[in-house]
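Undergrad: Chain by chain, the residues run as shown.
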Amino acid sequence: MTTCKDAITLLLDYVDGALPPDVRGRLEAHFGDCSPCEEFLQSYKATPGLCRKALEHSMPDSVANKLSDFLKKELGKAKPG
Amino acid sequence: MRSKPPETSARVSTPPDDSELAQRAQAGELSAFEALVERHRDAVYRLGVRLLGSQADAAEVAQDTFLTAYRKLADYRAEASFSTWLHRIAANFALMRLRQRKVANEVGEGEEVEDGEGEPSFNSRGSLLDDVADWSRSALDLTLDHELRDAIDSAVAKLPKDLKEVFVLRDLEGLSYEDVALATGLSMPAMKSRLHRARLALRAAIDTFYAERDDGAGGRG
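Sequence lines, in order, name chains A and B.
Take the first sequence: its position 44, counted from the start at 1, is 44 in the numbering used here, and no numbers get skipped.
Take the second sequence: its position 150, counted from the start at 1, is 150 in the numbering used here, and no numbers get skipped.
For the record, the hints were derived by calculation from the structure and aren't laboratory data.
Here the structure is a predicted model, which is why all the values come from computation and not from measurement.
No residue lacks a Cβ here, since even glycine has one placed at the ideal position from N, Cα and C.
Mixed in with the good hints there might be a few duds.
What the hints assert, rightly or not - Computed footprint of chain B on chain A; a stretch qualifies when at least three of its residues, placed anywhere within it, have a C-beta under 8 Å from a C-beta of chain B:
| hint | region |
| --- | --- |
| 1 | 2-11 |
| 2 | 21-30 |
| 3 | 33-45 |
Pulled out of the complex, with its shape left as it was, chain A reads as follows:
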C-alpha cells in the first residue's frame, strides 16, 4: 500500500512522468483517496512556476549600457573564435 510518505518521496519522478506504469498507478490511486496528498501535489507542481514569476529580473538600462561599452572595447581586441 502506498503511504503519504511514499507518494511525496516519489513526487519529482511522478511529475516528470518518469515512474514505471505500475508505480504511477499506485500513486494515482493514493492521490484519489488522500485529499491532503492531492493538494500537496498541486502546490508542489505550482512551486517552480510561481518562483519563476516572482524572480523575474530585467537588466537595468545602466547595466545594459555598461555591458555595451565593455563589449565595444573588448570585442575590438578579440576575434571571434
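Chain B: place on chain A using the hints.
TA: For chain B alone, kept in the frame of chain A given last:
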C-alpha cells in the same frame, strides 16, 4: 469619385533567428553578435541575479558570458539552441563565483535554513501530518503582490547553496537535467534529490506565507 489607392502588399520581414545571427557573427559581422547580446542579455542577467542574489555580480557574469561567447563562437553549432549554449556559459560563470564565495567564506544574504527544514512530517504509518492547503490556483491566477514576491525571494535566498544551485538552474533557468548535472558535477540521483528538497522547502515557505495571511484574515478553511 475618388479612386481607391492601389493596394500595397506589406512586406513584413521576419527578424533573423539566433542560428542565423550566430552564423553571421561567426563570419565576423559584429552587429549580428550585438543583436544576440540585446536579445539574450536579460536572460543571462536574470540567471546571475537568481543564482548569486547580487545585481553587481550578475552584471559581471553577463560581461564574462558575452565576451566568452564571442571568443568561442566557433564552438557553437547552428543545429543547437543558441540560448541553451549561452545559458551553459552563464551558468558556469555564476557557479564559479558562488564557489569562490564559499571558499572566501563570505556572509550570505541571510541565515540559510537548515537542510531538511520545510520537509513534510509523517506519522509512524507514513501518513501526512501537515495541514495542507492547495494555494496553487489562487497563486498563479492572481498577479503576484509584492509581499508574496518578497516572501519567495527571501525563501530562495535562504535555501542551502547546494539546493539553490540545482533549483535555480533547473526550475528557474530551464536547463536540462544533463546540463545541470554537468554544470554542478553531481550525479543524476544526487541532483534530483537536491531539486526535490529545494522544491519541498520553497513549497513550505509559500504555504507558510498563505497560512499567515489567512490567519490574519480569519483562519484557514
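Undergrad: Now, for every hint given, state plainly whether the structure supports it.
TA: Verification of the supplied hints:
{"no.": "1", "hint": "2-11", "result": "holds (count 6)"}
{"no.": "2", "hint": "21-30", "result": "violated (count 0)"}
{"no.": "3", "hint": "33-45", "result": "holds (count 10)"}
When held up to the earlier numbered hints, the structure conflicts with hint 2 and nothing else.
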